[in-house]
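Engineer: Kindly produce the complete structure, drawing on both the sequences and the hints.
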Amino acid sequence: MYKPYETTIKNQTQTLGEKFADISFSYVFFITILSFMGIVVLYSAANGSWEPWALKQLIRFGIGFVLMICLALMDIRIFMRYAYILYFVTLLLLIVVEVSGHIGMGAQRWINLGLFKLQPSELMKISLVLALARYFHASTLQNIRTISGIIPPALMALFPAALIVMEPDLGTSLMLIFTTAAIFFAVGVQVWKFVLVGAGALSVMPIAWHFLHDYQKNRVLTFLDPERDPLGAGYHIIQSKIALGSGGVFGKGFMNGTQSHLNFLPEKHTDFIFTMLSEEFGMIGGVLIIVLNMLILVYSYSFALKSASYFGKLVAIGLATNYFLYVFINTAMVLGLIPVVGVPLPLISYGGTVMLSIMASFGIILSVHIHRNIQIGKD
Amino acid sequence: MNRDNDKGKVLIDRSYIMIIVKLALLLIIILRLYYLQVFQADKYKMLADENRISTRLLIPPRGIIYDRNGVMIASNRQNFQAMIVAEQTPNVQQTLDEFKKIMPLSEEEEAKIKKDLKRNRSFVPIKIKDNLSWQEVAKIQLKAPDLQGIYIDEGLSRDYPFGESMAHVLGYVSSVSEKEAKADNDPLLQVPEFKIGKDGVEKLFEKDLRGRGGSLKLEVNAYGRVMKEIERIEGVSGKSLSLTIDSRLQQKAYNLFKDQEQSGAAVVLDVNTGEILAFVSAPSYDPNAMAKGLSGKEWKDLINNERNPLSNKAISGQYSPGSTFKTIVALAALESGIVRSDTRFSCSGQMFLGNHAFHCWRKQGHGSLNVVEALMHSCDIYFYEAAQRIGIERIAAMARRFGLGSKIDIGLENEKPGLIPDKAWKKKRFGESWQQGETVISGIGQGYILTTPLQLATMVSRIANGGYEIKPTFTKVTDKSRIKKINISQEYLDVVKQGMYDVVNIPGGTAYRSHFNIRGMEMAGKTGSTQVRRITMKERQTRVLRQDELPWKYRDHALFIAFAPYDNPRYGVAVLVEHGGGGSSVAAPIASAILQEAIKLDIVR
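Protein sequences, first through last, are from chains A and B.
The first sequence begins at 91 in this note's numbering and counts up by one.
The second sequence begins at 432 in this note's numbering and counts up by one.
In case anyone wonders, no lab produced these hints; they're calculated from the structure.
Here the structure is a predicted model, which means the values were calculated and not measured.
Some hints could be false.
Claimed, not checked - Listed below are the simulated DSS-like cross-link pairs for lysine-lysine, each with C-alpha atoms no more than 30 Å apart in a straight line:
id	chain 1	residue 1	chain 2	residue 2
1	B	Lys-546	B	Lys-659
2	B	Lys-546	B	Lys-610
3	B	Lys-629	B	Lys-543
4	A	Lys-283	B	Lys-440
5	B	Lys-838	B	Lys-911
6	A	Lys-109	B	Lys-440
7	B	Lys-438	A	Lys-396
8	A	Lys-283	B	Lys-659
9	A	Lys-109	B	Lys-438
To be verified - Derived list of chain B stretches under chain A, where covered just means 3 residues or more per stretch with a C-beta under 8 Å from a C-beta of chain A:
id	region
10	449-458
11	463-472
To be verified - Listed below are several chain A residues computed to face chain B (Cβ distance under 7 Å; list not exhaustive):
id	residue
12	Thr-105
13	Phe-275
14	Ser-336
15	Phe-354
16	Val-377
17	Leu-387
18	Lys-403
19	Leu-425
Every residue gets a Cβ at the ideal spot worked out from N, C-alpha and C, and that includes glycine.
Structural biologist: Put into structure tokens, the structure is as follows:
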């Protein structure tokens, strides 16, 4: 009988209890602190009420937490074994969404399963990392360094990325590309290939520009010059900077953010939650968030390096990169460093799908750590 | 295996690079936070305050205007307004329909309400109807359950209790025009509902009456909704004013015109100080309606009215003084020494200059008269002769000494200077030399001479007070000793005053019918009527048409200047009735009634 939560290495069996004890307490602690900071801000965003956001977010965190622990205890070889199947199932779901989106009205990014909404693009971020990790795990360095060796994994990334761009969701699509690029870099694809592709991408940019939606063009133009349209597209970023700057070092205090409470700050509970937090808790609050995220990254990488399997290493690095991209893009966006791209701040922004997918990622990274001593063959 | 080790080593090496890059990028985020929240914090704090704090001006109550007895003649009235807040009613249209059951709304009003509702956010109160009466307020409050979202708001609006009788004194307040807003940098003028004085005393004393605006700092959200009050700085109320007008006399004088449907002007002065006791221009307009705002049609009616209710005839109307000017000619003649009080001229009904005939109003003539008799009968020939002998320059100089020919400058809009012609003026104006005939007709106040009723009141007051150079004013005169004396002999003034006494009090005087018998309080005066058309030769030969046979606008202007009491003058009055016909029949009775009222009220002691 196959027991996914018990693992045998060299005739030594890791029991469920042993695995549980092996969960990195610090890692889980950082995640929990971040999530609770988010809940506090959501409570403030609703003018001191658990409704409509804080309570729901707490429940989602609870569900996500359970999901994380379950995945952490799962044998890493299971992720390896089902990586391709998961990838293809996710791809299929993406196609379903794309097709039904065309039939229905406008952009639809999820499949409504009644209890929760399944967003295939979110799931793809995990599935793709697993599939790529499995691919490279089986590949050789020579193969990786040839063009033909990186065409299959490139296609594995480009196909879903193209589907997601059509949804249209440029942000998620770009994140998928960046994550893939990071994995390519990690496995040893030569730097000159990145330079070449980067140069190629820059040269086709003017053409790609024509394919962008007006609102996407606006976001880029507004980023380049926020004063261009201070009441329209530039409004968000200007108000965000005012909220942040006026927070100062110590912030205006819990529930005292004027920009957010008087609604000058848009999307204060989702994409711009970092702004609201920094307005009320000042630079101290903002830096705390960043430092916690740095710690999560450092831990994730140390888990990766401790893993005995190439697959495990790559999965941890890939998922950590995906997480990092969320954090960096979101904070850089609200600080006016990059265009507004509609990426939430994971664990903190209100939203169920991202919470679940990120907690799942952390679960898998923890699993890599727990199963660090397992050697995995190439088959 | 070896190859696998290489592969693993590459992964580890590159992992180190990646983590360093990631940490570096997050460090940039921290630096950016530092830049915004420490380095630029002050700038953004200011911007955040600009966002959330909205400053509103508080309109100070306008100064009250009182008459000389402390009666309010311009005040601030509680203005009850019905307002609606769209978000507080489930169905705006239904609520408005309910409201209309209590109080009908015109289509125009309803359209405006709907436009306002559409243009503003749903929490902004929109005015449905203002100037509600107590009864209407009570009705609305009774029906409150059906009128969700409607409430009663109290504001201040300007009220003129004496209405149109006082309009040409007080003027009115109205919304600020773009031009006015540019010329005055008082921030109050930027407040949409703020009103400023547009005419009359309201405009003259605008600065005093306005006061200083207070301010209210409010915290507002991104949609402009007020969240709370942060700070309130009270303004300074406008200064109250007391005018020299006596509201009782003013009303009496105005009603004398109104009851007879006459248009014209009357100015009553305290002869010893120049204080304006009554200041009438008729017809008038309703300043309360002006303050509320007139409809386009109401405006048109006012502007197109041939009797010109908007024009202040007391200062803007320029009329030939007619025979009232004979007082000045008599003074000039006496002072010249060419005519003495016992000099007699003979009137045969006409006089020739070259082959041009000048007529007396009395076709059969007056026979031989001295100056007092000539004034009493208003003989034209006598003053033709006198004017011809003394010349235009002496007449003009005397007229100017008594306040004619230039603006008195009481501060109101559109005061006109009138015109006292002389040789130099004619040369300059027409490039022609003065004609003798022009001097002759000037002797009876015709020709180029123009005066305003205010000037005539000034003139008669200066004659009555013994030659003191009073200036009409709306504000109390505290120091009479500063009024200069005109250099003229009392003897000449007494002669003219005697003539004016006889006009009223001796049977045969042109205004005898208007005399009154209040012992020791007799009125003295001088009639005048001025043609506004030329009497043709043919008409003279057949029969001059009676005034009531002519259409209104071709009738003569009727004038009367008077003072009382004769022995100890207190009140000077000038009455002009536009196209009223004869001075004796129309203007004198009005002046007489005004002076009797003033004496009865004992305004000036």
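Engineer: Now tell me if each hint is right for this structure.
Structural biologist: To see whether the hints hold, each was checked on the structure:
no.	hint	result
1	Lys-546(B) with Lys-659(B)	28 Å, holds
2	Lys-546(B) with Lys-610(B)	26 Å, holds
3	Lys-629(B) with Lys-543(B)	25 Å, holds
4	Lys-283(A) with Lys-440(B)	20 Å, holds
5	Lys-838(B) with Lys-911(B)	21 Å, holds
6	Lys-109(A) with Lys-440(B)	28 Å, holds
7	Lys-438(B) with Lys-396(A)	15 Å, holds
8	Lys-283(A) with Lys-659(B)	60 Å, violated
9	Lys-109(A) with Lys-438(B)	29 Å, holds
10	449-458	holds (count 6)
11	463-472	holds (count 8)
12	Thr-105	29 Å, violated
13	Phe-275	6 Å, holds
14	Ser-336	4 Å, holds
15	Phe-354	5 Å, holds
16	Val-377	6 Å, holds
17	Leu-387	6 Å, holds
18	Lys-403	6 Å, holds
19	Leu-425	5 Å, holds
Of the numbered hints listed earlier, those contradicted by the structure are 8 and 12.
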